[in-house]
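So the number in this note's numbering is just where the residue sits in the sequence shown, counting from 1, plus 35.
No wet-lab data here; the hints were simulated from the structure.
Listed below are the simulated EDC-like cross-link pairs for lysine to aspartate or glutamate, each with C-alpha atoms no more than 16 Å apart in a straight line:
| hint | residue 1 | residue 2 |
| --- | --- | --- |
| 1 | K71 | E87 |
| 2 | K71 | D83 |
| 3 | K71 | D47 |
| 4 | K90 | D47 |
| 5 | K71 | D48 |
| 6 | K90 | E54 |
| 7 | K90 | E51 |
| 8 | K90 | D48 |
These numbers were taken from a predicted model, which means no experiment stands behind them.
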Amino acid sequence: MSFRYVIAIVRDDVLEPLERRLAAVHVPGLTATTVKGYGHYANVFASDWMSEHIKLEIFADEADVKAITDAIREVAHSDVPGTGIVAVFPVEDFFHIRTP
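Model the full assembly from the supplied sequences, consistent with the hints where possible.
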């Protein structure tokens, strides 16, 4: 089985609907963390360029990645700059810590 690591940085207001949508495409689990950062659309007029977003991390079977990334893009889409990003990386090894 080939795994992928999906990372999405999204606005915090889309977290609940995104969780429901990801459950509908059978995502078995995810990690959500509040993060601060800036990118292409930094607010250079503010004293703190950082803005808060939610970072989602999902390990998924390669066959499920398109459904997952499509769900993220559908729910989190906005025409507002700085809405977020999605990245997918290959996973070299994957095992549960309880595995000897």
